[in-house]
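Engineer: This is what each chain is made of:
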Amino acid sequence: MSTNASRSAARVMMAPAVILLLGWMLVPLTMTFWFSFRKFLPMRGGDLGFAGFDNYVRFLTSSSFWPAVQTTLIIVISVLVITVVLGILLAMLLDQPMWGQGIVRILVIAPFFVMPTVSALLWKNMFMDPVNGLFAHLFKAFGAEPVIWLTDAALPSIIMIVSWQWLPFATLILLTARQSLDSEQMEAAEMDGAPLLKRFWFIVLPHLGRAITVVILIQTIFILSTFAEIFVTTSGAFDTRTLTYLIFQRITDSQNIGLGSAGGVYAIILANIVALFLMRIVGKNLDA
Amino acid sequence: MGRIVLDQVNKSFDGVEVIPPLDLTIEDGEFTVFVGPSGCGKSTLLRLIAGLEDVTGGQIHIDGKDSTQLAPAKRKLAMVFQSYALYPHMSVRNNIAFPLKMAKLGRDKINSKVMAAAEVLNLTDYLERRPGLLSGGQRQRVAIGRAIVREPKAFLFDEPLSNLDAALRVEMRLEIGELHKRLATTMVYVTHDQVEAMTMADRIVVLKAGNIEQVGSPLELYSKPKNVFVAGFIGSPSMNLLEGPEAVKLGAKTIGIRPEHLSISDQEGVWSGIIGVSEHLGSDTFFHVKCDAFPEPITVRASGEVSLHYGEKVFLTPNHAHLHLFSDDGLRIA
Ligand SMILES: Nc1ncnc2c1ncn2[C@@H]1O[C@H](COP(=O)(O)OP(=O)(O)OP(=O)(O)O)[C@@H](O)[C@H]1O
Ligand SMILES: [Mg+2]
Numbered sequence: 083m084s085t086n087a088s089r090s091a092a093r094v095m096m097a098p099a100v101i102l103l104l105g106w107m108l109v110p111l112t113m114t115f116w117f118s119f120r121k122f123l124p125m126r127g128g129d130l131g132f133a134g135f136d137n138y139v140r141f142l143t144s145s146s147f148w149p150a151v152q153t154t155l156i157i158v159i160s161v162l163v164i165t166v167v168l169g170i171l172l173a174m175l176l177d178q179p180m181w182g183q184g185i186v187r188i189l190v191i192a193p194f195f196v197m198p199t200v201s202a203l204l205w206k207n208m209f210m211d212p213v214n215g216l217f218a219h220l221f222k223a224f225g226a227e228p229v230i231w232l233t234d235a236a237l238p239s240i241i242m243i244v245s246w247q248w249l250p251f252a253t254l255i256l257l258t259a260r261q262s263l264d265s266e267q268m269e270a271a272e273m274d275g276a277p278l279l280k281r282f283w284f285i286v287l288p289h290l291g292r293a294i295t296v297v298i299l300i301q302t303i304f305i306l307s308t309f310a311e312i313f314v315t316t317s318g319a320f321d322t323r324t325l326t327y328l329i330f331q332r333i334t335d336s337q338n339i340g341l342g343s344a345g346g347v348y349a350i351i352l353a354n355i356v357a358l359f360l361m362r363i364v365g366k367n368l369d370a
Numbered sequence: 005m006g007r008i009v010l011d012q013v014n015k016s017f018d019g020v021e022v023i024p025p026l027d028l029t030i031e032d033g034e035f036t037v038f039v040g041p042s043g044c045g046k047s048t049l050l051r052l053i054a055g056l057e058d059v060t061g062g063q064i065h066i067d068g069k070d071s072t073q074l075a076p077a078k079r080k081l082a083m084v085f086q087s088y089a090l091y092p093h094m095s096v097r098n099n100i101a102f103p104l105k106m107a108k109l110g111r112d113k114i115n116s117k118v119m120a121a122a123e124v125l126n127l128t129d130y131l132e133r134r135p136g137l138l139s140g141g142q143r144q145r146v147a148i149g150r151a152i153v154r155e156p157k158a159f160l161f162d163e164p165l166s167n168l169d170a171a172l173r174v175e176m177r178l179e180i181g182e183l184h185k186r187l188a189t190t191m192v193y194v195t196h197d198q199v200e201a202m203t204m205a206d207r208i209v210v211l212k213a214g215n216i217e218q219v220g221s222p223l224e225l226y227s228k229p230k231n232v233f234v235a236g237f238i239g240s241p242s243m244n245l246l247e248g249p250e251a252v253k254l255g256a257k258t259i260g261i262r263p264e265h266l267s268i269s270d271q272e273g274v275w276s277g278i279i280g281v282s283e284h285l286g287s288d289t290f291f292h293v294k295c296d297a298f299p300e301p302i303t304v305r306a307s308g309e310v311s312l313h314y315g316e317k318v319f320l321t322p323n324h325a326h327l328h329l330f331s332d333d334g335l336r337i338a
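Protein chains in written order, with my numbering: chain A, 83 to 370; chain G, 5 to 338.
Next up, chain G with everything else stripped away, as it sits in the complex (with noise of 0.2 Å):
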């Protein structure tokens, strides 16, 4: 049903090449995530798909159907925007419709459309309201009521949870998961967060600058990530990359090892290093340890309640099978 394929497409900005030339298929009904630092051309990639940009070069295949040329409205792509751009005119019901009524459907049939949506999205009581005077949480549902209503193809989502707060981004994240996995349809979300695109994608694209890093599922990257880039953007607090004298020992330009892969004793170890700062979440508390092997400070997860302290002098030893390996050109050797 929804199978993207992206052929060498590439697009530039008054001759600045913004994505170079990217091949990319997201299977039908797969949850895909575009992640990557801001400004790395996620929003636009999305765009391309949906057709609010035209490709510089390239071909855009939707449903095996070359749709490089066609319209918006034509792919069948439903959108869900950062801003939410819900019609602040229009009532909750009018929004949710309004793709409807453009279709020219029936008007019991768009009724009946509305409140199935409503129903599902919890947003009954809030129909005849303006967008106005709903909260972030809500106007988010009516943006994705309006999406799900026209039965489209793909879902494309960039970055809808960003102007939400910490409890409600958790919260619409499974909403949203929850919704892929009930429509399984083909969903596509931008996100600079690495932790939104951890948990909700069932394969990840990494972005740098238009270029595709790495794609593969979450545990891929997490265990596997394929150059220094990824490593340090996957994971979170994210991995420590390591140079100096003892990467070259193990044949390495740069060692990358995660914080949970490291042990930290008051007794002995490979490297020693005195404590700086410790964050205690309860559950894990993450050291910062100034090691004499290298210049950066590394970061050390300890389980639960450790009595180590400001200025101790400790031993870390990494996980010898969690030791990830890196050559001069910052690619994965081991």
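Extracted from the complex, chain A is given alone in its bound form (with noise of 0.2 Å):
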């Protein structure tokens, strides 16, 4: 389809977006390997040389990991399906034709566009403070006791906020797919005798599948990095310590930059995994 000479007008016109792209990357990167590999203690001493394959095995056998991990897949499947069940419910609702549908529709998108800093913000001061938050009148209101959310409940707590802010992205992307359901499928189903619930059940959420692996996949990525959330309100206490945090605390807590490093890398493989996953199946998508 292109001819050499606009194949190679290409390569020097996107070369500047990769190489910048590149950099960004790869400077990062190199450097955390680098660090990993060194017994690096910036008001212990500095860079004190080559430590092998130390920082690996003590990130590993520290007694902080394991909860860590444990921890961040709690927080990563809660957050996995609650965004992807009421997402499934809120896509079956907003495809309904309903008054002021446009409205609804931007309402429920907007909390994906506020800073999860903000949003983590918003939900300590302005819903879960237990003498000012509206959580705390809504329970007085009842008559029960309020929640002291972000200490007694703050694993919970957390899964909320993360999932209010993944919640419009699993939204969209399942109602994308429920609209380019063909509605011939679903009046033929009607006709074969399929009740609403077996329609749903037989025909709908099968032509569902791949977008929910879609969503699972790259909300997993991104949940997997959760940060700002737990820096606002807990500060990784009350057991919300995920990996992405304990790595983050091992550098500036810790002051040790070789073991957070080696956290660091631990990190990127897993979420390689998933996104291979992901290529596969988006690509796959693409192809049918």
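FYI, nobody ran anything at the bench for these hints, they're computed from the structure.
Cβ coordinates follow ideal geometry from the N, Cα and C atoms, glycine included.
Warning: the hint list may mix true and false statements.
Claimed, not checked - Partial pick of chain A residues on the chain G-facing surface, computed with a CB cut under 8 Å:
| id | residue |
| --- | --- |
| 1 | D129 |
| 2 | D177 |
| 3 | Q267 |
| 4 | P288 |
| 5 | D321 |
Once you've looked at the hints, go ahead and assemble the two chains, each given alone in its own frame, into the complex.
Structural biologist: Written out as structure tokens, the structure is:
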């Protein structure tokens, strides 16, 4: 399709963007790799030379590692379940013709445009504050004792905040998928005697299958690196220290750059495994 | 079994009347074809019968029972859609079995019915495949299979062949015709292709802007079109509809004469003209002749080889027994 001349022209034109992106990625990546093999304690002597695989071993064997993995898994899985289930329900609702459809859709999508730090602050101060928060008022209105959310139910609180942030994304993808379903298929099922719930189960849900997988994989990558929501609310206390947050603490609190970098490399490997699956599925989607 | 009666049925979308009040009776076991130009409301009428659209007014009786408010599934009709509407994530077997599963039939019964349908439709080798891997004709057969296992009171087809190529269309046309003969179930078939209508129908309903223009057997429509619209719509190539002093001479606003009812000669005849384009189909040749008496060119059929060429002067003679006369309001006089 393209001639040699246009191909080389395209390469020249794309070069600046590619070089910039590569540099942007490669420099920090290489530095992380480099540091992960060094004993580097900024406040306690600086760069103290090669450490071999010491950092990797120490990161895995530290007593905080497995709890952090567990916390990460709990957050990722809970948020996925909540966003996918609610996302499907919302997509079904938003697909119905109704008055003010455009505005409702924008409202539903809005949380996605709020920065994680801001949304965490909003939740912390406006909803979850045990004295002045909306939840506290609500509980008091019913005569109940207000919950001190970020202390007594820290993990559920964070799950709630992160789910709120990602629900619009899931809804949007699932809504588009729902709308791509051929209406004649639904009508055929209706004539075949399938009532509403069976039409959902046998026709709509299988049709949404691919979109659901894509939502799960993309969200997994991003939720694995959840940081601001934890930093702003609990700072990793009350069992809310995830893998990402552990890496951060290794570097800032323990002032151990080598150890943190080793954790970072583990995180990169983990994210790439998920990304690999994602590429395969999205690729298949494009073929079909 | 499957007698469908429409009584003053009408349909409006957002206040726009698409189908004005209309009466129609479809007899049990009859193959009825709705035909008409695009947008005339054929699909809408079919969907009203199926229950996929609510009527704005009027009543639909199926089998003597008022079914106007009945849900589609309860009407016991089966529909074959233009897009086939197969379930893409199910195998052919499960597609055909779907209505039976919904009816909560036993597994053995479902199996035997699916096998029987697959046999009839030559689908036995494809039962485990997904519809996406089938050809257009095979998908069409799966859609028909899904319809016949339900043993419906009537089949509704909405332009089922329009996605197929010409050769396959002829083949499927015969298959559906044969299916009708074997099952003897009422079939309502929508098409905008008048050849399909003529070849398949027991009775044709010609629609125009939601109005029934004429109902009758293919031959009736061919030999006695009620008005100019039906005259021009039925038949291929279509009837020559001529106006002018020649028509007035015969006491009509419009005269209609089919290409096969005109004879052409280079010696003598009633209307003289010059040959324009000619189309050689082997068995027949169609000449487009520009006559002095009429502004529009006239299509004439001549059998076999005729040695007449572009620009030659010829004479046309209509067969008066097959001359159709239409009055000012487009209705048939004789
Ligand atoms: N859901 C709808 N809402 C509004 N108008 C509609 C709707 N469905 C059909 N119409 C209108 O009704 C008229 C008849 O449509 P219909 O689909 O029945 O035509 P058709 O005869 O089947 O045409 P075709 O041969 O192109 O399929 C059209 O003018 C169409 O715009
Ligand atoms: Mg149509």
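Engineer: Now look at each hint and say whether the structure bears it out.
Structural biologist: For each hint, the structure was consulted:
no., hint, in the structure
1, D129, "57 Å, violated"
2, D177, "18 Å, violated"
3, Q267, "5 Å, holds"
4, P288, "4 Å, holds"
5, D321, "41 Å, violated"
When each numbered hint is compared with the structure, violations occur for hints 1, 2 and 5.
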